[in-house]
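For chain F, the structure is supplied; the task is to place chain G on it using the hints.
Top to bottom, those sequences are chains F and G.
Take 37 as the starting number for the first sequence in my numbering and just add one per residue.
Take 37 as the starting number for the second sequence in my numbering and just add one per residue.
Hints in this document: simulated from the structure, not taken from any laboratory.
Misleading hints may appear alongside valid ones.
What the hints assert, rightly or not - Derived Cβ-Cβ restraints for the label pairs, each shown as a range:
| id | chain 1 | residue 1 | chain 2 | residue 2 | range |
| --- | --- | --- | --- | --- | --- |
| 1 | G | Ser330 | F | Asp429 | 44 to 54 Å |
| 2 | F | Glu270 | G | Pro197 | 49 to 59 Å |
| 3 | F | Phe299 | G | Gly57 | 54 to 64 Å |
| 4 | F | Ser397 | G | Glu56 | 55 to 65 Å |
| 5 | F | Val147 | G | Lys313 | 40 to 50 Å |
| 6 | G | Gly57 | F | Glu408 | 24 to 34 Å |
| 7 | G | Thr224 | F | Glu226 | 39 to 49 Å |
Idealized CB from N, CA, C, for every residue including glycine.
Each chain, written out:
Number of protein chains: 2
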Amino acid sequence: MGVKIILIVLDGLGGLPVKEGKTELEIAKTPNLDRLARISATGLHIPVDHGITPGSGPGHLALFGYDPLKHKIGRGVLEALGLGLELKETDIAVRGNYATVEYRNGRPVVVDRRAGRIPTEENRRITEKISKEIGKIDDVEVKIAPGMEHRVALLFRFPEPLPEGSDKVKDTDPQRTGVEPLDPVPETPEAEKVARVAKELVGRVAKIIKDEPRANYMLLRGFSKKPELESFEEKFGLKACCIAVYPMYKGLASLVGMEVVRFEGKSLRDQINVLKKVWESYDFFFLHIKGTDSAGEDGDWERKVKVIEEFDSHLPEILDLGPDVLAITGDHSTPSILKSHSWHPVPLLIRSPYVLGGTSSRFTERECLKGEIGIIPGKKIMNLLLAHALKLDKFGA
Amino acid sequence: MGVKIILIVLDGLGGLPVKEGKTELEIAKTPNLDRLARISATGLHIPVDHGITPGSGPGHLALFGYDPLKHKIGRGVLEALGLGLELKETDIAVRGNYATVEYRNGRPVVVDRRAGRIPTEENRRITEKISKEIGKIDDVEVKIAPGMEHRVALLFRFPEPLPEGSDKVKDTDPQRTGVEPLDPVPETPEAEKVARVAKELVGRVAKIIKDEPRANYMLLRGFSKKPELESFEEKFGLKACCIAVYPMYKGLASLVGMEVVRFEGKSLRDQINVLKKVWESYDFFFLHIKGTDSAGEDGDWERKVKVIEEFDSHLPEILDLGPDVLAITGDHSTPSILKSHSWHPVPLLIRSPYVLGGTSSRFTERECLKGEIGIIPGKKIMNLLLAHALKLDKFGA
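If we strip away everything but chain F, and leave its shape as in the complex, we get:
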């Protein structure tokens, strides 16, 4: 049996004091994590740079060992991944917003850039209608998926891959009301084809939904292509899988070529069952836990504490699998008091037979400050995991 490395990402893990000077991690009762912290290497990581608050894309790229400043993921691509669209090399991804326009002298004028934030149900109905009626544009297939409220993701699937620069098309969202939507203007000659398709799409969509009371137009933003990334397996020689519930994280894992394990259920219990089931089939297991981030974003520190405690209760089962290397961290901090992602360093724990240990009595922001890893760039974590798995050669003689 080969090496087994588990990377557990508690999304938005890091926090700030919420009650009596204590953070969510400090308030949580985590006997199993505490015990593990005492025999592990601990530290913190900075996903992008000092003071920089990362989105989920850069945060995960860093954890996967890619430089998030070098490899950028477009907004359209991220939206498509988040809404569960499977992205191909031949796709251009775009984020769409339903909007309300009025026609003056036959020209559309934006009166609400978000169509009054229509209910998600209404979005679903309208999106389905478009999906049925839109048809092909020349030889380009159109995929469309409803998001929350007024948001959708679109894919233009071309018959073959487009050249570098073909996604450089300007947003049609004018960013203010009382004016006409902008044209999807190509910024490079390579982008002319995509711009033409986008313009035709906008026209067709406007016809299909012209009688909707609110969502009678669509604005486009964030034209982007799937980024070209060396695969995780090529880069690190590890056969990797992703065990995640939310489409965004499955999408990010698939961008670097991890196999996304399909399974029923949405609970951590379900995820651990899957982990056990596929244990023999991979070298590297990326387990994504969303609840910490959602609770932080909602400013609900008590729920964040509960998610951490729930994770703690399942930790022994994960340890029982006997991974060679186990890492526990987050893709960024989401302090409940900020109700958003933040720039704060993220607690990190690495367990292997080759650690000092004995530096931190718990797995918290402040205890991790005392640890042997220090505060490191997120993109260096993969180096450490490979090292602890004894998979890296000596550098120089």
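Frame of chain F, contents of chain G only:
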């Protein structure tokens, strides 16, 4: 009211043990700083690089968020700023040293490169004489300001800006005695004009001061132009001012486009009064305190302790202004036992509502090592201040 960020620079803040194993900061009685340290983010910063002792120029550039390795400030420019000369885009700045020469067969031969370190008073008298008699060189105005002992700063003010490379003129100081001064040789074609002006200047000065017993010649070093720096306001979107007593620091702040507040008096008391007076007019306040560095340079640790204690006594007044973000640090360390700048990391404290805190019981070198900031490059501090002011957008979606 917009955001309010205060950056307090205690020049040469960091120290080394001077008595019973304690540093100046550890010996100082600082109840207010101690209290603040306990509720702040702490750490240390390295202004330039590990092991590198920074001058005041690089130290401050880093604190202002500029890469000190990328943006170099010439010796002539620094001398001019330090002596209070106002530098224009059309200026070439040079450092001058009075020297003693003997004429052999009508040719000057250097016998003392520093003119016996003449008293500053003598320098002032001679410099004033030159200033009166030197006149214009072609269309070039000459400004000259006396420094300490044998040092002066010179500006050649051209009618219009000179091209890139125009300041590449070799020093005329031969770096040893018994030989002729060197010619100001241009190293690029663009520098020929400046070299001609410099040669003419040396000749005229030699005539004006030929009868002085010691300072009868002038050697030139460090030809340089004002560096082209993106302004602080463009870079960070903050309207910034400088509240400093010494010309050098006002000059450094003006290089990045900060407004230098003019005021009467030289004490910290005066500086804090000014801070209060201009509080509504700016977003960012750079407060420079010189005493810590001067005491360190003199090897007078007791005086350094006193300056720190004096600052501590004024801290509550600064806190009462209610800044959104307050940073306290130094531009480098100046340990009294070294009597000079040093390479040691500099204590750093950041207070905002978004810190962990609780890591350091005092604001000292050793306590800051326990803090949540870690040891970071000086040039990253501005990122953190902007983040804590919630002025940075998320990176990636």
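Of the numbered hints stated previously, which ones are contradicted by the structure, given in increasing order? Of the numbered hints, just 4 does not hold.
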